[in-house]
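Visitor: Each chain is listed here by its residues.
There are 2 protein chains.
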Amino acid sequence: MLLGSIEAGGTKFVCAVGNEDYRTMDKTQFPTTTPEETLQKCIDYFKKFDDLKAIGISSFGPIELRKNSPKYGYITNTPKPGWADVDFVGTIKKAFDVPIHWTTDVNGSAYGEYVISTLFNEHLNSLVYYTIGTGVGAGAIVNGQFIGDLGHPEMGHVRLKRHPDDLDFKGICPYHGDCLEGLVSGPTFEARTGKKGQDVPLTDHVWDIMAFYVAQAAIQVTLTLRPGKIVFGGGVVSEEFLKKVRGQFDKLMNGYINVGKLEDYIVMPAIKENGSATFGDFALALLEYRK
Amino acid sequence: MLLGSIEAGGTKFVCAVGNEDYRTMDKTQFPTTTPEETLQKCIDYFKKFDDLKAIGISSFGPIELRKNSPKYGYITNTPKPGWADVDFVGTIKKAFDVPIHWTTDVNGSAYGEYVISTLFNEHLNSLVYYTIGTGVGAGAIVNGQFIGDLGHPEMGHVRLKRHPDDLDFKGICPYHGDCLEGLVSGPTFEARTGKKGQDVPLTDHVWDIMAFYVAQAAIQVTLTLRPGKIVFGGGVVSEEFLKKVRGQFDKLMNGYINVGKLEDYIVMPAIKENGSATFGDFALALLEYRK
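Chain order of the listed sequences is A and B.
Sequential numbering of the first sequence, starting at 2, is according to my numbering.
Sequential numbering of the second sequence, starting at 2, is according to my numbering.
So that you can see chain A by itself, here it is in the shape it has in the complex:
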């Protein structure tokens, strides 16, 4: 059985075909240009494969995922030029009459990491996946399901207690200034230090400030969802950085609740090479097929 995956990012699209074991058989990627051109490329790619049974799509957003909305399957009010109000699912569905699973990019990644994690821990039934890159977003699985009554989570925009050495930094979120994304997304390095993130050594104090904020996000989501695991992906994240995050988390939590070994709780993605969303898409496509 062949399953399709579209990981739709604001910069590039990754299309892949996999089997029932969620193993990638073939994969391609191309830059995100206009919706017409980019979605046509997806269609052309999948046309090469006979007998595609279902497709999982993980998309940048915001997107409409309330099934009772007439705009279900659309990218909604994105600031990305040309992409607002685009009927993503409808366009793909016209070309392929197969079941399609539709969710956010971070939900797709969360699901991939969740499926992998349950292989090793059968009691796990919730997981949160954060990406910290150009922007900050998160997806969540609770009781084995995605969450959100009025839409998908937007955890990148929560407010945080400011670090005493960072009070003068206004933050760069155009909506909120110093929300999580405004304080820790990749471009904050240039805003704070004039240097790109990859050029700022981990010994620089700015990484402690970053860890203080990211740890607070982990605390918020821990106290709100009590998830089994929190996964951090995205260009800003490294194992060395997560060590700092764990240290701050421990200090801020102050023994209040027990989350088990922090090294197993706050982790990098188990699926390497940014493959979490593709893996998740295959699993979600299969779920959709079996419905």
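Zero decoy hints are in this set.
Copies of the same chain look alike in the list, so a pair counts if it works inside one copy or between any two.
Below, a list of computed lysine to aspartate or glutamate pairs in the DMTMM-like style, where the Cα atoms sit at most 25 Å apart:
hint, residue 1, residue 2
1, K262, E240
2, K68, E123
3, K252, D169
4, K252, D179
5, K68, D265
6, K171, D200
7, K273, D200
8, K72, D265
9, K244, D150
10, K54, E38
11, K72, E123
12, K162, D251
13, K262, D150
14, K245, D179
15, K252, D167
16, K252, D150
17, K262, D86
18, K292, E123
19, K13, E274
20, K81, D45
21, K162, D209
22, K48, E21
Simulated from the structure, these hints should not be mistaken for lab results.
Place chain B on chain A using the hints.
Guide: Just chain B now, with coordinates in the frame of chain A:
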């Protein structure tokens, strides 16, 4: 059919008996003393009723609600003298061989408000209930279920952006200082102003500071869970105060996502006279009975 409810608070217990329509037929309350005496009073109360089919318990915490734990049904490491490591469910179960539903006080209230709300809005499938009183806690329903893989939510202890006019106040949480509970629980009025909350007029600026923090909690939970509704109960909350909270929420959200009419989204309990938990207990007892 008769259903039982125990709302176990740190100060008082409320026991009640109701029918399948969750209507209270009889009710009593008594102060929380030792576990032996207090739980015996619950047992003596329910013994008066023949044919009790199930009992719902909503308890102060922290409690163990992971079914695979040997301590399931216990109050765990509460600072309340005598009550740590008490087998609440086991004690009741020994007296009544009926199905028992066990959850936190705020989850019980959340469930009561959820059931009532779904009568008016069939699309609602998630709700958050905060209590702001002596302490701050919250319960949550997501996709019709309670949440928490490693335990129940503890949303009272999240960190927040500090109000510029409140930077000198250290907060009163013994664990975290200036977490949500440390900044907005009832006793913070005395700590900040030397006066009890009920003696501080709503025109006092301290209420704006409180609203700024409570609005941030609502923002966090909105961006994390995207619930259909947020209910605020507890002694500190009034409709006048929630007006201030809605104003701050609107300002902080800055149009980022749409939650519908704020007057329908951030609300007081629909069930009056602190009856949310009893109502929720009846509904949960019935669920447990029908399992």
